[in-house]
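*Asks:* Each chain is listed here by its residues.
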Amino acid sequence: MFIRNAWYVAAWADEVGETPLPRRICNEPVVLFRDVAGNAAGLLDMCCHRGAPLHLGQVTERGLACGYHGLTFDRSGRCVHIPGQDRIPERARVRAFPVVEQDALLWIWMGDPAKADPATIVSYPWHNDTARWPHKHTMYSIKSAAMLMVDNLMDLTHLGYVHTSTIGGNPLIHVEAKMDTVRTAFGLKFSRWMLNSVPPPTYMRAVGFQGRIDRVQMFEFIAPGAILQFSGADEAGAYGDGKIEDSKLRFRLFHGLTPETDTTCFYFWSTANGFRPNEAAATESLFNEIAAAFNEDRTVVEAQQARLTELGEAALVDIATDAARLHMRRTVDRLIAEEATGLAAQ
Amino acid sequence: MFIRNAWYVAAWADEVGETPLPRRICNEPVVLFRDVAGNAAGLLDMCCHRGAPLHLGQVTERGLACGYHGLTFDRSGRCVHIPGQDRIPERARVRAFPVVEQDALLWIWMGDPAKADPATIVSYPWHNDTARWPHKHTMYSIKSAAMLMVDNLMDLTHLGYVHTSTIGGNPLIHVEAKMDTVRTAFGLKFSRWMLNSVPPPTYMRAVGFQGRIDRVQMFEFIAPGAILQFSGADEAGAYGDGKIEDSKLRFRLFHGLTPETDTTCFYFWSTANGFRPNEAAATESLFNEIAAAFNEDRTVVEAQQARLTELGEAALVDIATDAARLHMRRTVDRLIAEEATGLAAQ
Amino acid sequence: MFIRNAWYVAAWADEVGETPLPRRICNEPVVLFRDVAGNAAGLLDMCCHRGAPLHLGQVTERGLACGYHGLTFDRSGRCVHIPGQDRIPERARVRAFPVVEQDALLWIWMGDPAKADPATIVSYPWHNDTARWPHKHTMYSIKSAAMLMVDNLMDLTHLGYVHTSTIGGNPLIHVEAKMDTVRTAFGLKFSRWMLNSVPPPTYMRAVGFQGRIDRVQMFEFIAPGAILQFSGADEAGAYGDGKIEDSKLRFRLFHGLTPETDTTCFYFWSTANGFRPNEAAATESLFNEIAAAFNEDRTVVEAQQARLTELGEAALVDIATDAARLHMRRTVDRLIAEEATGLAAQ
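Residue numbers (this note's numbering), protein chains in the order written: chain A, 1 to 346; chain B, 347 to 692; chain C, 693 to 1038.
Hints are not guaranteed to be accurate.
[Unchecked claim] Okay, derived cross-link-like pairs now, DSS-like style, lysine-lysine, Cα gap no bigger than 27 Å in a straight line:
1) B:K535 to A:K143
2) A:K143 to C:K835
3) A:K136 to A:K189
4) B:K461 to B:K535
5) B:K461 to B:K524
6) C:K881 to C:K935
7) C:K940 to C:K828
8) B:K489 to C:K835
9) C:K828 to C:K870
Quick caveat, the hints were computed from the structure, so don't treat them as lab data.
Small disclaimer: the values here were computed from a predicted structure and weren't measured.
Please take these sequences and the hints and turn them into a complete structure.
*Replies:* Here it is in structure tokens:
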């Protein structure tokens, strides 16, 4: 059960070049490609003639040509060429999905195309600000539902158990963080303040903090699968004035979770270095630290998925630290229900 | 849904020696073996005692002995020995499938044994004519329904898209080929003439054609899974008199498609060199060129199967070049229907 | 369909140390661990908070802490710590399975805990008698139902077909063995006498027998999955007086079969060297010979399972040598039926 009338990240823009890219999204086989003018498109990855996947074909002047018998389709899915005959039947077309390129990402709309409004795509200008926020990005294939990865980011107390040796550190710091939460139309924002705390290993490696630090994490979840994160840290006491923009350590993370199937997803993520933007090594190092931590998440969440697939969630017990996660889930459930009953989700 | 009252290729005769060979055919686990006299046989690959596969056993003077507790079966599936007891119960037998060795192939009948007439087996004498048609053969396991591989051979326009760098060449040549079709009791024959055309890479490598060529492909499909092919080529103009027997380049291909399961099959094929029969290198080279081409087919047809398994064929659109394929399908559908309603298929 | 009110081998005691061990038993995911005092325990391997497997966690002073958000459970499955809150809800618990450590094994009870009586655990004191019966042990994961492995041990005529080159030797010896059988409350005992017989390869390698031997195998099956074996051999004629305790070659095998799923199981087995107890090389060599033989069993039984999964057992035919196996099966079926109708199985 997915929200369908919504924009999902389909790919990093630089993943799709001359060679068509197959990717299953919300359980549909999609082929992503660029026409000769460089415009990205997404079609059902199945030729309407004999069913061969279109990603085995190639882009020609006319569009995407099937690699089996040469039928060719434009970005709208219309068949524009059939070898051996002039007349092209009206039925000769494949389903097209709206695709928009924005902020280094290709966004795709899996629902009713008539409702696809590019103005509602999540904005993430930092991907374009290579001078002040140089970033590095990748995609992880995760064997869990997208929602379990969103869950993971809504309860940060896991940092003290899953990421002890990387971005976590002492469990108590995360359990005792002061948390402010604001609900929004399509999700929520929350900030977690850990003043006068011991820095985690990653932070010490990044900036060389000697003593205690003030630390903040700011998250925004926007349904169905975007999470925007700012993390800052400075010498203890520095946050007394509420200013965090100039934190000695500051970085941004983009998290885009896209369902592949009911129990697998794509995790598109980037790390943007705002604290030493002129040092490529700092950008690289930040990415590597986070990559190690996200592999720790992958291990536990994939194992969690296997248990939930087998035994279900009915017997599970919510605890106090689930508050943000539960609000996120209620938002998503509401959007799914609205979509099912025909109310506009956007 | 398979035609069952029909002869399928079970194996190349030289695949079955002293060691029993397990092979799933039409979704039945079969063990192929030769008794001590060298006569080939096919039994259900499951001992009637405790269900162990008989292919783990060994051939003795008495027949095929199970490798678990030693029960032994003759070629008719009758149990002829039970260690530890003299009386052999009537129920102690395994199902036997008629098997006939002919033209370097083992043919098997998966339906009603009473209807198995060896006279109806497809004849392919070129496998025995090692002087004028030396051949080389193999078997490919394909992850597609046998019918999709037959489809592939009924629409040769795919040569221009799938086999550009091998036996195909320019797509237009295949789309514009002049085609003669004749319907037969169990299939169809068709010839494809490409006069005054540019030779494909394989042909240039084989014979060293310098300029344009006359080219012909002659196919016969005989249900359920045999396709006999003659391919010829000569200098442009040579076919003006209708004679193709002495073509400068001439070779024969045997294609035998046998269902393993609903979505997998065995592709038995051979290449016979009729143009330089005294040169082993030419026989070898022809085989290697075709092997490369058939691996290209495998890639696209297996990908096609995956899509059809998921999304079905209902929305597909037939085009002009599907004519021979559609006649083949109607023949097979008619034979399945006749078998279902009890009419003799042979 | 498993007997549930019974003790199964869950692990060798030395398999479970500081790191929790996941193991599926009777189709339930179990985590085995030891608390800081060294006491073994078994819990459902799924945290009651978000479903993460507990085997990814770690043992602390308080118990087993989940590796995701830190909830901690004692050996009874009670939650004793929730990070971030003081009140622990009554529902916060995971299912616990009774576990007992005895004779180098961890035994687990998968049924009603109120019926779990440690006094009914199979006794195997030889695992503790390192002076006179030094042993070596291991566990094989087998892709067959546990019952098929028990079957295998109830019809020893398979030695002449499966183990020709190891512990078997000439098939006729096993078919003609004189067999005494005694029925017991939870199974049966049988002895197989092979007097004045040719020694199998393993025996010749172990003791260097030159001529014919007297040979005996004594088996006891105790439902649901324990088989205790004594094997002896001596110069031909030595068993005339009925004494076997001082056999020149004598060893004991423990076989514990535990269902993992309906079609996979764990095979816990040990070999105890009673003939050269002071020679570590003899203990090692005995183990290696048996390990080779049990891999031969694995091959045939896994192949048997595949056939039975596909085609069922309905058409199979029992033979004379199935007598002990059939009694074993009737015992197990009776215990399953008694359990289903609420009669005490113990």
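*Asks:* All hints, please: hold or fail.
*Replies:* How the hints compare with the structure:
1. B:K535 to A:K143: violated, 50 Å
2. A:K143 to C:K835: holds, 25 Å
3. A:K136 to A:K189: holds, 24 Å
4. B:K461 to B:K535: Distance of about 26 Å is within 27 Å: holds.
5. B:K461 to B:K524: violated, 40 Å
6. C:K881 to C:K935: OK: K881 of chain C and K935 of chain C at ~18 Å, within 27 Å.
7. C:K940 to C:K828: holds, 20 Å
8. B:K489 to C:K835: Holds: K489 of chain B and K835 of chain C sit about 25 Å apart, inside 27 Å.
9. C:K828 to C:K870: Violated, at about 30 Å.
Hints 1, 5 and 9 from the earlier list are contradicted by this structure; the remaining hints agree with it.
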